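A.B. asks: Each protein sequence line maps, in turn, to chains A and B. Residue 1 in this note's numbering sits at position 1 of the first sequence, and the numbers go up by one each step. Residue 5 in this note's numbering sits at position 5 of the second sequence, and the numbers go up by one each step.
Certain hints may be false.
Remember, identical chains collapse to one label, so a pair may be satisfied in a single copy or spanning two.
Derived SDA-like pairs (lysine to any residue); straight-line CA-CA distance at most 25 angstroms [as the list claims (entries may be wrong)]: (1) K119 to Q23; (2) K31 to G92; (3) K2 to S118; (4) K82 to I96; (5) K119 to S27; (6) K82 to E110; (7) K2 to A106; (8) K119 to R19; (9) K31 to R64.
Hints listed in this document are in silico derivations from the structure and should not be mistaken for laboratory results. All values reported here derive from a predicted model rather than from experimental measurement.
Chain by chain, the residues:
Number of protein chains: 2
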Amino acid sequence: MKEAIVLFGHGSREAQWARPFQQLAASLSRKTDATIRLAYLELMSPSLTDAIATLANEGVTAIRVVPVFLGVGGHTRHDLPKLVEAARARHGTVQITLDAPIGEQASVIEAIAAAIASKS
Amino acid sequence: MKEAIVLFGHGSREAQWARPFQQLAASLSRKTDATIRLAYLELMSPSLTDAIATLANEGVTAIRVVPVFLGVGGHTRHDLPKLVEAARARHGTVQITLDAPIGEQASVIEAIAAAIASKS
Chain A
1 MKEAIVLFGH GSREAQWARP FQQLAASLSR KTDATIRLAY LELMSPSLTD AIATLANEGV
61 TAIRVVPVFL GVGGHTRHDL PKLVEAARAR HGTVQITLDA PIGEQASVIE AIAAAIASKS
Chain B
1 MKEAIVLFGH GSREAQWARP FQQLAASLSR KTDATIRLAY LELMSPSLTD AIATLANEGV
61 TAIRVVPVFL GVGGHTRHDL PKLVEAARAR HGTVQITLDA PIGEQASVIE AIAAAIASKS
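Isolated chain A (complex conformation) (with noise of 0.2 angstroms):
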């Protein structure tokens, strides 16, 4: 089985904003075999639909999508899983899931917190 991860953010219209989540797509490189990449909502490409279709073109058979989003909102509860059953329709054959947003996820918090009061 050949396995992506598919990183999710919000996208902007500053390049900058991106910045963090190409350095998480770095530091994930280094702790998983999995083929990594980053999509957007809005604004930045590749779209998620684009990102998994190329996944798709490249012989990947299963796909995480993570939404790297702190708040949990109609990105996430609405926009995000039509996205993922309409990828899911368009390729049969690949399997994608659906991670719980990273906010939601009690060790990214906890995590956030120690960083924070590392440095009081």
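Start from chain A and add chain B according to the hints.
C.D. replies: Structure of chain B alone, referenced to chain A:
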């Protein structure tokens, strides 16, 4: 010196959006003796201005503002420094410092990457 940390997030129309920020505040409260407060740029209250005024009224003499933003854009680069500057002018006896956004802190990025990789 009576210290406080203000966790500053974007805000949203949806109340549950703030849940990860509330959990971050709770987690941080367990790790430090500083008073922990939340504040928002828009759509939620209190504003940063109000949160700082309340803390100043409570006799807090040092306030550290932590931008809980992953992407680094106009909000953190332009809006936030202006808000902090105005608060400093208004509360001359309170020391107000501004952290780098958490998305620019390497330890936070590493922790998020580790949390994602651990589920692979």
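A.B. asks: If you check each hint against the structure, which ones fail?
C.D. replies: As far as the earlier hints go, 2, 6 and 7 are violated by this structure, in ascending order.
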